[in-house]
Amino acid sequence: GGGHADNLQDAAARAEASIAEGKARAALDRLVAITNSGDAS
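Going by the working numbering, the final residue of the sequence shown carries number 252, and the count climbs one at a time with no gaps.
Treat the hints with care, since some could be wrong.
Distance ranges between label pairs, derived from CB positions [as the list claims (entries may be wrong)]:
#, residue 1, residue 2, range
1, Ser248, Ala223, 31 to 41 Å
2, Ile245, Ala223, 28 to 38 Å
3, Ser248, Gly214, 47 to 57 Å
4, Ser248, Ala222, 30 to 40 Å
5, Asp250, His215, 48 to 58 Å
6, Asp250, Gly214, 36 to 46 Å
7, Asn247, Ala226, 28 to 38 Å
8, Gly214, Ala244, 41 to 51 Å
9, Asn218, Leu239, 30 to 40 Å
10, Ile245, Asp221, 32 to 42 Å
Worth flagging that the hints you see were computed from the coordinates, not collected in a lab.
C-beta: ideal position from N, C-alpha, C; glycine also.
Could you put the whole structure together from the sequences, leaning on the hints where they help?
What follows is the structure, given as structure tokens:
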């Protein structure tokens, strides 16, 4: 039972890190888009 709980916790941690990375990338993309549109005009 303990091993399954560890795997679940590890999977949750990986998912959380993946979501956090996705949000960071999305924020960076928005920042770049804002910067690029600012340069264009």
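Against the range 47 to 57 Å, how does the distance between the Cβ atoms of Ser248 and Gly214 compare: consistent or not?
At 51 Å between Cβs, range holds.
Ile245 versus Ala223 beta-carbon gap, inside 28 to 38 Å or not:
Holds - the Cβ-Cβ distance for Ile245 and Ala223, about 33 Å, lies within 28 to 38 Å.
Please check whether Asn247 and Ala226 have a Cβ separation lying inside 28 to 38 Å.
This hint holds: roughly 31 Å between Cβ atoms.
Does the Cβ distance between Ile245 and Asp221 fall inside 32 to 42 Å?
For Ile245 and Asp221 the Cβ distance comes to about 36 Å; the hint holds.
Range first: 36 to 46 Å. Now tell me if the beta carbons of Asp250 and Gly214 are that far apart.
Violated: the Cβ-Cβ distance is about 53 Å, outside 36 to 46 Å.
Holds or violated: the 30 to 40 Å window for the beta-carbon distance between Ser248 and Ala222?
holds, 39 Å
Taking 31 to 41 Å as the stated bounds, is the beta-carbon spacing between Ser248 and Ala223 within them?
Holds - the Cβ-Cβ distance for Ser248 and Ala223, about 37 Å, lies within 31 to 41 Å.
Verify the CB-CB distance for Asp250 and His215 against the hinted window 48 to 58 Å.
holds, 52 Å
Cβ separation of Asn218 and Leu239, checked against the hinted range 30 to 40 Å:
Holds, since Asn218 and Leu239 (Cβ atoms, about 31 Å apart) stay within the stated range.
Take a look at whether the Cβ-Cβ distance between Gly214 and Ala244 falls inside 41 to 51 Å.
holds, 45 Å
Of the hints listed earlier, the one the structure fails to meet is number 6.
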